[in-house]
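Letter by letter, the chains look like this.
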Amino acid sequence: MASNGIPGRVAVIGMGCSRFGERWDASTEDLILEAYTECLASAGITRDDVDAYWLGTLSSGMSGLTLSRALGSDDKPVTRVENMCASGSEAFRNACYAVAAGAYDVVMAVGVEKLKDSGFSGLLRQDPPGDGTAPEISMTAPAAFSLLDPAYCAKYGTHPDEMRDAMTHVAWKNHDNGSRNPKAQFRSPVAKDTISKAPKVAGRLGVFDCSGVSDGAACALIVPAERAHEYTETPMYVAALSLVAASGRGALDPAYDYTTFPEVVRSAKDAYAQAGIDDPRTQLSLAEVHDCFTPTEIVLMEDLGFTAPGQAVKDVLAGEFDADGRLPVNPDGGLKSFGHPVGASGLRMLYEAWLQFRGEAGERQLTDPHTALTHNLGGRPGGCVSFVSIVTRERNH
Amino acid sequence: MSIGLLSYAAYLPRHRLGRRVVAGYDEDSTTMAVAAAATALKDQRAPAALFFATSSPAYADKTNATAIHAALGLPDQVLAADLCGTGRSGYAAIRSAAQTGGLAVCGDVRVGRPGSSDEKFGGDGAAALLFGEGKPIAEVLGTASRTEEFLDRWRAPHSVTGQQWEERFGAERYTRLIRATAADALNAAGLADADHVALACPNTAIVKRAATLVKGQKSVVTSPIGFSGAADAAIAMSAVLDTAEPGDTILVLSATDGCDALVLRATERLSEARQPVPVAQQRDGGLAVPALTYLSWRGLVELEPPRRPEPDRVAAPPASRAVSWKFGLTGTRCEACGFVHIPPARVCRKCAALDRMSPAPVAGLAGTVVTYTVDRLAYSPSPPMIQAVIDVDGGGRCTVEVTDAEPDALHVGARVRFSFRRLFTAGDVHDYFWKAVLTHGQ
Chain A
1 MASNGIPGRV
11 AVIGMGCSRF
21 GERWDASTED
31 LILEAYTECL
41 ASAGITRDDV
51 DAYWLGTLSS
61 GMSGLTLSRA
71 LGSDDKPVTR
81 VENMCASGSE
91 AFRNACYAVA
101 AGAYDVVMAV
111 GVEKLKDSGF
121 SGLLRQDPPG
131 DGTAPEISMT
141 APAAFSLLDP
151 AYCAKYGTHP
161 DEMRDAMTHV
171 AWKNHDNGSR
181 NPKAQFRSPV
191 AKDTISKAPK
201 VAGRLGVFDC
211 SGVSDGAACA
221 LIVPAERAHE
231 YTETPMYVAA
241 LSLVAASGRG
251 ALDPAYDYTT
261 FPEVVRSAKD
271 AYAQAGIDDP
281 RTQLSLAEVH
291 DCFTPTEIVL
301 MEDLGFTAPG
311 QAVKDVLAGE
321 FDADGRLPVN
331 PDGGLKSFGH
341 PVGASGLRML
351 YEAWLQFRGE
361 AGERQLTDPH
371 TALTHNLGGR
381 PGGCVSFVSI
391 VTRERNH
Chain B
1 MSIGLLSYAA
11 YLPRHRLGRR
21 VVAGYDEDST
31 TMAVAAAATA
41 LKDQRAPAAL
51 FFATSSPAYA
61 DKTNATAIHA
71 ALGLPDQVLA
81 ADLCGTGRSG
91 YAAIRSAAQT
101 GGLAVCGDVR
111 VGRPGSSDEK
121 FGGDGAAALL
131 FGEGKPIAEV
141 LGTASRTEEF
151 LDRWRAPHSV
161 TGQQWEERFG
171 AERYTRLIRA
181 TAADALNAAG
191 LADADHVALA
201 CPNTAIVKRA
211 ATLVKGQKSV
221 VTSPIGFSGA
231 ADAAIAMSAV
241 LDTAEPGDTI
251 LVLSATDGCD
261 ALVLRATERL
271 SEARQPVPVA
281 QQRDGGLAVP
291 ALTYLSWRGL
301 VELEPPRRPE
311 PDRVAAPPAS
321 RAVSWKFGLT
331 GTRCEACGFV
341 HIPPARVCRK
351 CAALDRMSPA
361 PVAGLAGTVV
371 TYTVDRLAYS
381 PSPPMIQAVI
391 DVDGGGRCTV
401 EVTDAEPDAL
411 HVGARVRFSF
421 RRLFTAGDVH
431 DYFWKAVLTH
441 GQ
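Here the protein sequences line up with chains A and B, keeping their order. Numbered according to the numbering used here, the first sequence spans residues 1 to 397. Numbered according to the numbering used here, the second sequence spans residues 1 to 442.
If you're looking for bench data, these hints aren't it; they were derived computationally from the structure. Remember, it's a predicted structure, so these values are computed and weren't measured experimentally. Just so you know, even glycine gets a beta-carbon here, dropped at the ideal spot from N, CA and C. Wrong hints could be hidden among the right ones.
Calculated cross-link-like contacts (lysine-lysine; reagent style DSSO-like; alpha-carbon spacing at most 27 Å) [to be verified]: (1) K218(B) <-> K208(B); (2) K155(A) <-> K192(A); (3) K208(B) <-> K120(B); (4) K197(A) <-> K116(A); (5) K350(B) <-> K155(A); (6) K269(A) <-> K350(B).
Reference listing, derived: stretches of chain B covered by chain A, where coverage requires no fewer than 3 residues with Cβ under 8 Å from a Cβ of chain A [stated by the list, open to error]: (7) 309 to 315; (8) 379 to 388.
Looking at chain A on its own, in the form it has when it is part of the complex:
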């Protein structure tokens, strides 16, 4: 059993990201082209320099043709991957492996999602014909993640009001961060009172506890690390890529308590080992995590090792993960206010690390960021896929 990773073997030399939001003006193709154009320009290359593509999308198109038709790219390999909300990270991970293997010199990972054309609220599922018994066909994502709240309070004796305050703080922080992001879906700070008193969606989750349902696309260009400087003076190096898919045991196992994602704990441990990180609290400059719902971000702070189990509520309320805290989490606004176009989100997280390392993050620029973590999750408590990457400004390996 080995998860060797490819630390320091590949680098990102260009990225692009569309504006996220209710993009009634843009089709899937338009969103892809918006991110793609920026991406090629940032690397200073043209379409024909790209050898192969990986496309991540949950439901905005089938097969590699969704991308090759949009780009008009003849006879280049395009692989479409789907791993629920981690699809964008999956496209990136597999594109990195293709470069590390030496199969291609220049590979593009693209993630896209066009959610707002359905006319429905929230995410839609496309399930195979079934027997009508699976809880996830009826239970929505906010409901599934709201299960964390009563379970967490019961386990740690956290007063429900304090938990509510921490959930509110997460939403407030991410909206505040997003207000400094011109590409975010929501660009206004939101008062804590407005957040905590919002109409309920599921459990105690109000509308401001849920990530933005959004249209958008993001992409990355990956090359062998030793050739990165041929394209840019400020590439971003990939130190770790980890993915874990659960057996779904938690949903069946009375030993699981709905206060943690064991898949996240395992993927983080794997990524830290690949990157040689032994104290994420001090070694990371920033983290982009999967804040699909506010309790998720609280629990992730523990699962990713940013704080001890049972301490996240206190640390969140102390502002430790605010933009000016000891470890800024979701400085770009996160899924909460940047928006969550499913297939694009994993690449959008990497885009923030890219901008921060290059000093291009504008109003939200952090001081001397050098190491970032991105965490992307698909599924729900009780059974999910979890992706963790570590990217660095310098080539450390």
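Once you have looked at the hints, place chain B on chain A.
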């Protein structure tokens, strides 16, 4: 050995429209029949046959009794058949079971036009009567029947609500039929009159005058929930069995398009083998349902749905492959390590053993809420949807909907049991599955 009544049970749904007992949006004649039959069959051998009577079948052109059969986990050699029609069908189920042995289970959802006496004075419910060889709780002493064609009540097959001729016309016919049939049955039983009379009739004038029509030494009762169609006689009979003393004789009269009668005598065993929760206790209390919500449940008004897609139609092959799970709520237990899988799995999630599973039935077990949520976004025929993670007594965990509960009644640690329900209907296919209901000290 002769065939006698071995057990009985009634099921009254929890919801109330004023005083009226109403089935929840996720209940139908089939699901209520499962609830009554499961109680009647507890600690009993599988019945020789299952006869299901209703005037509100969930399906036509498909047997409804097979879903009940599957939910009860009965052997596949057991005949299960529908008798769809009226109170006569209910009696036919009872008489067939009494003659040949078997389970008669009668369930009905009665719908009246808004404001009608059917809406106000009808009732929804089910009852099951198990007949067979063994030590009976009541012996059958005699039966009698009279059939007559006349128009008192009728309903077009596609109509939700029915109609009635001028009530006094039917009352005149039924008065004669009831007296004559009662006399025949008592003759056959060798009795002058019975201790208890249970009278079922769709004609409300007859129900009001029940005590003046037939003499009962100790009581004359009609259904405590009002007229409940094909379930009326079985529910009224259950109410009598709740209180009758050993040795008492019971005359059951079911007057629909004629009159049918069954005479029973309670045995010594009755006092120790009554249903766990008497009809009168089930009748008390309940959850108030607003009139508009009730009307939406019956399809009489359409409310604004959540902005979510309706679920897909259940697919026949996966439902068939999973029949013991979907209908019987049976998981699997790993023979290597004991880990329980709800739903069933072939590979053990704990020890990875492959195909070393034995069935783990959980339908009759209780459980505890681990965590829960109220989903205001989910598509539901009656939002909001409540879902809970349940740890089952004796092992295993599942996530299921919670029904018959106010959203604020849930808490971590709440105790629940399981109830067979209709989750939704898509493409005219009903999605039958199990939900959790809070245990109310029963």
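Q. When the hints from earlier in the document are held up against this structure, which numbers fail?
A. none
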